[in-house]
Each structure stands twice: as structure tokens, then as C-alpha cells.
Amino acid sequence: QVQLVESGGGLVQPGGSLRLSCATSGSVTIFYHMGWYRQGPGKQRELVAFITNIGTIKYAESVKGRFTISRDNARNAIYLQMNSLKPEDTAVYYCNAENAEVYWGQGTQVTVSS
2 QVQLVESGGG
12 LVQPGGSLRL
22 SCATSGSVTI
32 FYHMGWYRQG
42 PGKQRELVAF
52 ITNIGTIKYA
62 ESVKGRFTIS
72 RDNARNAIYL
82 QMNSLKPEDT
92 AVYYCNAENA
102 EVYWGQGTQV
112 TVSS
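To convert, note that position 35 of the sequence shown is 36 in this note's numbering; the numbers rise steadily by one, no gaps.
Just so you know, not all the hints are guaranteed correct.
Said to hold, decoys possible - Derived lysine-lysine pairs resembling DSS-like cross-links, with alpha carbons at most 25 Å apart:
#1 65 - 44
#2 44 - 59
#3 44 - 87
#4 59 - 87
It is worth saying that the hints were derived from the structure and are not from the lab.
Could you build all of it, start to finish, from the sequences and the hints given here?
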């Protein structure tokens with residue numbers, strides 16, 4: 002059974018940084034596509050960034066230049082370094098992974114507030 006577990010969320014002041022991690026287990030094949038999505042209060046879930054197994058990366062316009070996604074193919078894990086955080090980044094952040102199927106983590110809360 003494939004499982005995705007996010008960690009690293011928390012409360013941070015505007016301008017601060019957090020690093021999210023997503024660890025996976027139960028998959029015998031590498032995920033082609035892995036990414037981070039978020040869902041803010043009263044909003045729909047949206048893409049933050051994704052990275053493929055060959056290193057193709059896409060960011061949402063709102064996080065370009067502030068967030069960096071990376072992955073460890075050997076561990077089927079991904080990370081999201083978030084810098085210069087803003088109150089509008091407040092959301093539950095979800096890890097996503099895809100091979101023949103689509104998998105989601107349970108989410109980790111990120112709150113940006115003074």
C-alpha cells in the first residue's frame with residue numbers, strides 16, 4: 002500500500018522560511034510526477050510546484066523565486082523549500098505522487114502570521 006507522509010509545516014512569521022518533506026513508502030516503482038499542492042481557507046486546491054523523475058519543474062506564478070522543489074529519486078521523496086513566506090501562503094500543503102495511479106498525503110498545515 003502506497004503512503005505519502007508530509008512533515009515540516011508549522012507557524013512562521015511573514016518573511017520566514019519552512020522546509021516541507023514528503024516521504025513515500027510502499028511503491029516498487031519510481032513516481033514519474035511528484036508535486037506539492039495547497040488549499041487555503043475557503044479556496045480550491047491548487048498546484049504549488051511539481052517535479053518529474055527527469056527533473057522537469059513547474060511552479061505556480063505566485064511562488065516563483067520564493068519556493069524551490071527538489072526530489073530524491075532513490076527515496077521517492079520530495080521537498081519544498083519555502084522562503085519569504087507571505088500570509089497568503091497560509092494553507093494545508095499536500096504531497097502528490099503519480100505513476101499508474103495518483104496518490105495524496107494527508108497534508109501539513111502552514112500558517113504565516115505575525
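Hints and how they fare:
1. 65 - 44: Holds. Residue 65 to residue 44 sits at ~20 Å (cutoff 25 Å).
2. 44 - 59: holds (21 Å)
3. 44 - 87: holds (16 Å)
4. 59 - 87: Within the cut-off at roughly 20 Å; holds.
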